[in-house]
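What follows is the residue order along each chain.
Protein chains: 2
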Amino acid sequence: MKKIFVGIDLGGTNIKIGLFDSSITLVCKTSVTTEADMGPEAVVDKMVQTVKKLLTNAGFSLSDIITIGIGTPGPAEYSEGVIIQSNNLPKFKNVPIRRMLSDKLGGRPVVLDNDANVACWGEYAIGAGKGVKDMVFFTLGTGIGGGIISNGELVHGCAENAAELGHTILYPDGRKCNCGQRGCVEAYASADSTARRACEAIEAGAESSLKTVLEEKGTITSKDVYEHLAAGDRLAKEITDGTAKALAITCINMLHATEPKRIVFAGGMIAAGDVLLKRIREYFDEHIWSIKKEPVEIVFASLGEDAGIIGAAALASHTFGQ
Amino acid sequence: MKKIFVGIDLGGTNIKIGLFDSSITLVCKTSVTTEADMGPEAVVDKMVQTVKKLLTNAGFSLSDIITIGIGTPGPAEYSEGVIIQSNNLPKFKNVPIRRMLSDKLGGRPVVLDNDANVACWGEYAIGAGKGVKDMVFFTLGTGIGGGIISNGELVHGCAENAAELGHTILYPDGRKCNCGQRGCVEAYASADSTARRACEAIEAGAESSLKTVLEEKGTITSKDVYEHLAAGDRLAKEITDGTAKALAITCINMLHATEPKRIVFAGGMIAAGDVLLKRIREYFDEHIWSIKKEPVEIVFASLGEDAGIIGAAALASHTFGQ
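Chains R and A are the protein sequences, given in the same order.
All you need for our numbering is the position in the first sequence, starting with 1, plus 1.
All you need for our numbering is the position in the second sequence, starting with 1, plus 1.
Honestly, the hints are just simulated from the structure, not real lab data.
All figures in this text were calculated on a predicted structure; none of them were measured in a lab.
Take the hints with a grain of salt, since some may be wrong.
[Claimed, not checked] Covered by chain A, per the in silico footprint, the following chain R stretches (three or more residues, Cβ under 8 Å):
1) 4 to 11
2) 63 to 73
3) 126 to 136
4) 173 to 183
5) 278 to 291
All C-beta atoms, glycine included, are put in the ideal place defined by N, C-alpha and C.
Turn these sequences into a full structure, and let the hints guide you.
Here is the structure:
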């Protein structure tokens, strides 16, 4: 019997599915559209059919599956395996997705966790976090997602909402965040907030080569900001410095909380590259205490788009053994 | 055979020692002066003699000891059982205190942890944190110490310096902290910083009934500030509001990090009572996100001065079983 671990990344637009061997090496993968408006039954059927097709194409059968992992956006009762609701999957309300998937995949055990935790676990298991036991993970996208690994286990918290690191407050009474709080790090340093701060500065009269972009496209992305930084724009420098400083201080705060050995940044904005990473490290060194030098490493994620399926399979393997 | 668990709280001035039964109920306790300037050998001998005396007085013998726990100020290599150095115990450098104690107490296993973690564990095991699996702990004294319990275990971090919660940064580029950072919550909301902010405001010309205290005593304590708050002083209100707000936002940040079910405040300043606790809860409710109501409880510690010996004994029991 072969041993196959299935990793599923269920998003609002696409479902990514991968088959992995017992060392979590990718065997094959695919991506299909979610068609979330068909409702949970149809989406689960689609996942099941896609898994079966992958198995057949690769010469495996349903009985080769050891366990299945699935990552979804929250909120969910992860340990119960139930998606409570989801902005990206509007028809999913109180869906017992773990049981539904298991029933249709030969009764194999399924583990459900949120997408940030799953990606965090992927990096921890075989990516940029490999080799440490204590790690903190940030995704820099529309918002800022987080994951914490302490002594080799994900920190889930009392109601499975731990590691909402984007909503730690960095500047009390500061910028309004989508969550209703003020001064969250997400309101400064996500890809969207980085772009938004640039827009606001230009609208308030700041001089910048980004002004033309805003006029032509009607909007600015974080990619634009980093491109104009590379071209020497002063406002882009100021905005990206603000982003790096916010992330660096959040790293310091997490160091003083769970003391990770490594902090891993993922998400679309890490495409900015070394200019972002270097600046985070500089602000970290500038603001960290002097009484002892901490051995923390700040790095970028290494798994890219596949972190979700890798993490889901790796977490399933960790949870249910091999 | 009786089962005795020994808890030791090693401070710079006093050593507190307690004997506990297997349900961590106090059998007897005592306190002796540390006389730290006699050096580690003499201090360990004193601890050993005191433990033996307690045993004899209570009708036990050395062989009744199951295990010993000891809490000390850091930094130390706790898992190695070695005190590296200590401001309060100046002659203690690289002292293998765990082995020294064990050798002289019948070879019984000894667990060493820092004083804040030990007190945190005491509250968790039988005090204000009893019944939850996820807890965060703050001590409000000269500084602000911390402890984190996640899924029923202390979070130690990669180099055993986790939960330095007083040094999470609350106001970037804010007040200078003793640790070298700026804007730490400790620089605003410890007992000492609360008093210091009052002094500074008066020296800067603020009107307050505390002015007389400062002139007569040359200093102000946090106790003075809370007494003058009770008497209706406006500056005392402003200062203590600042303290409560800083603590509340730090609670929010820890909620979004490890998601405790309960947050426990300990230390000298909780003597301020409900006026402090109520204000922390109010600021928490005012600043927390609106998207979901968290079930976190914010409470005061219940073990008082004995938290150290109780926690040390309870941690030893947890670590080495019964």
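Hints violated by the structure (listed by number, smallest first): 1, 2
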